[in-house]
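Undergrad: What follows is each chain in one-letter form.
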Amino acid sequence: MIEYIDKVIDLRRGMVDDGNVPQSLQKPLKALESRGNPYGKMEKKRAEWTLSSDFRQSCNVRIADSKLSADTLYFVDSITSYDARMQSIAQATARVLDHLGADFAILGATEKDSGHEVRRFGEETLFTELRDHNTEAIRYSGAKRIITSDPHSFNALKNDYAGLPTVEHISQLIAREVKAGNINLTAVDDGSVFTYHDPCYLGRHNQVYDDPRDVLDSIPGLQRVEMERCRDRSFCCGGGGLMLFYEPRETERMGVKRVRMAAEAGANVIVTACPFCMVNIEDAIKVAGMEDRMTAIDLVELVDRQRVPRIRSNSSLTAEVSNVL
Amino acid sequence: MTARIFAYIVHKGGVADDTAPEMLAAAKLIDPAASPTAIVTGAGPTLDALCDTLRNSFSEVWKISNEVLAYPNAELVRKALVAILPPSSIVLLPHSHFGVDLGPGLSVKLNSASVPDVVAIEGVEGAYLKVVRQEFGGQFSTHVRCDISSGAVIQLRPGAFKPTSSASVQGKVIDKSSAVDALSARRRYIKTVVAETGDVDISKEAVLVSIGRGIQEQDNVAIAQELAEAMGAALSCSRPVVDAKWLPKSRQVGSSGQTVKPKVYIACGISGSFQHLAGIKGSPFIVAINKNPKAPIFQIADVGIVDDVLEFLPELTNKIRAVAK
Amino acid sequence: MDILVCVKRVPDTSENEIELNGAGSDIARDDLVYSVNEWDNYATEEALQIAEHTGGNVTVVTVGGEDNEEILRREMALGAKNGALISDEAIEGSDNAGIAGLLKAFVQKNPHDLILTGAQAEDGAAQVGGMLAAMLDYPFASLVSGIEVMDGKKLLVSREVEGGNKEVNEIDLPCVLSIQTGINEPRYVGMRGIRQVASLEIPTFSASDLGVDKASIGRSAAKVQRTDYFVPALGKGAEILAGSRDEIIDTMIDLVKAKGGLR
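Chains as they are written, first to last, in the numbering used here: chain A, 1 to 325; chain B, 1 to 325; chain C, 1 to 263.
If you are wondering where the hints come from, they were derived from the structure by calculation, not from laboratory data.
Each residue gets a CB set at the ideal place from its N, CA and C atoms; glycine is no exception.
Incorrect hints may appear among the rest.
Unchecked claim - Below, a sample of chain C positions facing chain B; criterion: calculated Cβ distance under 10 Å: (1) A23; (2) I27; (3) E92; (4) D95; (5) K109; (6) P111; (7) L156; (8) I194; (9) F205.
As the list claims (entries may be wrong) - Computed footprint of chain C on chain A, listed as stretches where at least three residues anywhere in the stretch have a Cβ under 8 Å from a Cβ of chain C: (10) 19-25; (11) 37-48; (12) 125-134.
To be verified - Below, in silico cross-link-like pairs of lysine-lysine (BS3-like), each with a Cα-Cα straight-line distance of 30 Å or less: (13) A:K45 to A:K144; (14) C:K104 to C:K81; (15) B:K79 to C:K109; (16) A:K286 to B:K79; (17) A:K286 to B:K245.
Using the sequences plus the hints, can you model the full thing?
TA: And the structure:
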């Protein structure tokens, strides 16, 4: 197999040193440098997704700081923290972690972008700054494991960073807990046909193919089909990180091709496990004019929707409600 | 107040600019008892015709006629004004491409204060003239006081001072040409290159869909184009879109772009800087869509919609198409 | 051609998240990040391109405090050879004429063929370039959107005027030009480049170093002073439509139709 990605990255590093960076990327890169996120939004708003009144009623997310440490750190990363649509993935992840009784916290305003895309765009120096900052913040939190709902963050923390506790993608945790019987999922019986789209940085780069599928297959009655190009032959949605800010010239967008593949496989719901895939696929559904026959949902959102809620009581026992509609 | 007020009249081919009556109105706000003097520079019979017209609104019109002033070169105009203005005069200019070229240097040579882009005048208190300006792209206003004891050059924002109706006067024209020596400058006007109209002349369109920074990337311009097509309108934009090269200069509405006079103007993701608004004449029905509820555009629009243009426009386009069927 | 670029450090307000402080005396600056004024950055890029073409060095100069070194280094990482900081307690409260006077004194001690400034900064005044030129008795052109070097003695410059038209002028050197956005595509300055200039010497000049009388700068000398910031009482303003997005769309279509906006 010919691995070319690292060569492209090397070329880009040279271009960055020459100042040769496309205009549309300069703004997000500057924002990453000054604000730790590509949107240029304020640090103190990074955890705003935890504050919406509806969400707070269902879940209280703690912020790791000098007074609080937690077992598990949920590394949210920039898009899931700041993008209005993706914040629901963050909220679903938090509720699921809560459901599983995880002792978790987030870094909040101290968290900066994982730098996954920054490195791949050749801005190595900025990447090392982000990495060093986050590494220190994570160590300081005392967390013994890291969970993330974003495969880009997953890949960065697991493979680009060093000296961190175990890093897992949320699908791996959920798969394990489903098998252990710690989370019950209600049936899906509305005739929807689901297909799972392998995100590049979860599937091809880190070989996590089965866990998300096992989670889907544990949902009673869920009909699942595979696209022809799946697993290690999966077809990229077209949106690695900063590609959201950079406009490549394409005759047909990759996301649109992917959505058509899902339709060809007989599906009307695409399940993905990556916020960038979600952006591209939801956008592609609109561009392809297929809103009447295709929707997209993140794996965690689906699990959150289908889980049988736990009822908290004051005793250490938790009661499960077995029949919920 | 004893300082004399002068208004420099910008004109084209003997026709006074809209700012002339605005300066008259502003002068009255500085000193209700004042009779400001108009100053015009130029050459030939069109200049005389202009002076004749100005006599109806100004009690005195000072004319400087000189071949080299046929085209208003700020460097030459400044020399002429410095030669004839009495000390400690207050000089009014429009804050236009000509005003910013002339005003600051003129204030230095006259040894007087300089206040640019004034949007409101409160009046004179002792040695101070109190005015209102804006900063940060119109997001905030500031009260400014200017020491006018040695005169001042005041640049007025075009359109900010509504002309007041006043009885016409029978002013006199005073030829000051001989008070000005041979004029030369180390900047020489060569020619004016007229903008290409391109495929669409937005200055003639009745309905415009206009985009600004809020469109975020080049790909999204298509969203606005589709809306324009659905409405039977033309696409225009503000400056940042042209700077980013997403649309040609011929589509730019603003003081350094085209002046438009549509019936309906849909401002999408436009903040509403005065340079942009200066290009919109004739009081069209303005609908503004912007996700920032504090955007200055909401001050001048007729109808405002606080929403993300990237989400709102496609839905609007779909509805318009559905209604048309 | 040796070129001097005057740059200003301004708050980054692109996300429109600035608020006024409690007293209304200033904007709230706690959470702000600062950068080079966008227009000045275009000017620096333009200077670099001209210098690359003709040979010569670019110097960036700014008036401010220690924090201003950061923007000088940024422009030096872009390629400017030298940076200079004009800093003095006495400068506090100066108006733009005071700032221009300091720059004038700097230029007199450090002559340059060409001096560039951005067309305006966050205060929207667009004054310093024109004032500086007049103080130096150099010719000036504002809102420059194109520069052509003719020979060592003059330039052909295009100015942006109304209607998207360009006014072409010939201007003698030395001169001052204020530069419009969009004149070029500024190159990127990466973090590595910034690190490389982090320890370069940046000379600082006080008012007396420049031979400037302190009585001519600062608050007491400022003829123009801002007395406060405020948010104007919102006038009538737009009628903000309420309801669900669908409802808003329906209302908007009705209103626009009534005004003849839908064919």
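Undergrad: For the stretch 37-48 of chain A, count the residues whose Cβ lies under 8 Å from any Cβ of chain C; is that count three or more?
TA: holds (count 6)
Undergrad: For the hint on I27 (chain C), just tell me whether its beta-carbon gets within less than 10 Å of chain B.
TA: holds, 7 Å
Undergrad: Holds or violated: the hint that L156 (chain C) contacts chain B, with Cβ atoms closer than 10 Å.
TA: Result: holds, 7 Å to nearest chain B Cβ.
Undergrad: Would you settle whether the hint for K109 (chain C) is holds or violated, based on the nearest Cβ-Cβ distance to chain B being less than 10 Å?
TA: Result: violated, 19 Å to nearest chain B Cβ.
Undergrad: If you draw a straight line from the CA of K286 (chain A) to the CA of K245 (chain B), is it 30 Å or shorter?
TA: Within the cut-off at roughly 26 Å; holds.
Undergrad: For the stretch 125-134 of chain A, do three or more residues have a beta carbon lying closer than 8 Å to a beta carbon of chain C?
TA: With 3 residues in contact (Cβ-Cβ under 8 Å with chain C), the coverage given for the stretch 125-134 of chain A holds.
Undergrad: Does the CB of E92 (chain C) sit less than 10 Å away from some CB of chain B?
TA: violated, 18 Å
Undergrad: When I compare C-beta atoms, does the stretch 19-25 of chain A have three or more residues closer than 8 Å to chain C?
TA: holds (count 5)
Undergrad: Answer holds if the nearest beta-carbon of chain B is closer than 10 Å to that of A23 (chain C); otherwise answer violated.
TA: Nearest chain B Cβ about 13 Å off; hint violated.
Undergrad: Holds or violated: is there a CB of chain B closer than 10 Å to the CB of D95 (chain C)?
TA: Holds - the Cβ of D95 (chain C) comes within 10 Å of chain B, reaching about 8 Å at its closest.
Undergrad: Holds or violated: K45 (chain A) with K144 (chain A), Cα cutoff 30 Å?
TA: holds, 26 Å
Undergrad: Can you confirm whether the C-alpha distance between K286 (chain A) and K79 (chain B) stays at or below 30 Å?
TA: violated, 62 Å
When the structure is compared with the earlier hints, violations turn up for hints 1, 3, 5, 6, 8, 9, 16 and for no others.
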